[in-house]
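Assemble chain B onto chain A, guided by the hints.
Here's the letter readout for the chains.
There are 2 protein chains.
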Amino acid sequence: MPDILHRLAIKASPGDTYAALATIDGLSRWWTSDTRGKSEVGKVIDFRFGDRGFIDARVIELLPDTRVLWQVIDGPDAWAGTQIVFDLSQQDDFTILLFKHRGWAEAIEFMHHCSTKWATFLLSLRAALETGAGAPFPDDVHISNKGD
Amino acid sequence: MPDILHRLAIKASPGDTYAALATIDGLSRWWTSDTRGKSEVGKVIDFRFGDRGFIDARVIELLPDTRVLWQVIDGPDAWAGTQIVFDLSQQDDFTILLFKHRGWAEAIEFMHHCSTKWATFLLSLRAALETGAGAPFPDDVHISNKGD
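So the sequence lines, in the order shown, correspond to chains A and B. With the first sequence counted from 1, adding 15 to any position gets you the working numbering. With the second sequence counted from 1, adding 15 to any position gets you the working numbering.
Okay, chain A solo, but in the shape it has when bound (with noise of 0.2 angstroms):
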């Protein structure tokens, strides 16, 4: 099965970072500022993305400052049933972070689009941390014709 993967230094501590993937206040700030929910294993979490769209993820794995891990639940029919994992490292004064989307049935248009979108939320992120200032939904980076 293809994977979306990616990889990000953050000039921020492990602590910081996995506090933006890993509450809600966090995940609004750089990927929907709409997100509701708990951030909780076992709970799910709401990503709206206003006429766009929206995810549902159901939270499986929290490691503070190491690594969190979600199974989509309800959203765009290709991601049904994926997984999104976030883990975190220290390297100096960074945090690395290795990203994987992992469990796309196949390696359609879309899964190319949501490849180099998540690049841009990632980046986003970084920049939330870095500077205060991320790129969260609906003020993200356009990268497609239709406007998303």
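Bear in mind the hints are in silico, worked out from the structure with no lab data behind them.
Quick list of in silico lysine-lysine cross-link-like pairs, DSSO-like style, CA-CA up to 27 angstroms:
id, chain 1, residue 1, chain 2, residue 2
1, B, Lys115, A, Lys161
2, B, Lys115, A, Lys115
3, B, Lys161, A, Lys26
4, A, Lys161, B, Lys26
5, B, Lys161, A, Lys115
Here is chain B on its own, set in the frame of chain A:
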């Protein structure tokens, strides 16, 4: 074999987008300013990134306004034998770019890095076409703790 995939809509014609991918001058405006060689089928293009390394790619296919395909013949070990493909199509006022860097032996951490880095270079390509100001090496967006 895992692939790096991306998709981007660029507000430019397929002809202009193709020129940015199929000419030495075009490539130097978004990937690395130090691009040499010949963009002709069977010839080699030399991409130079100062102290950070180099990539030599043989041009396999050039279909005007439609496709550019390279085979990597030298560079980072993990890139050996990989192929880089740019497929273009038109939708309204946009050129849709489907990108694949395929043939990686395994999904190593460096592949995660290259996936994110390709996203930044493809955004540089878009900026070069839409605004005239790309961000090729050495003015590229750094995403690693090593400054690459």
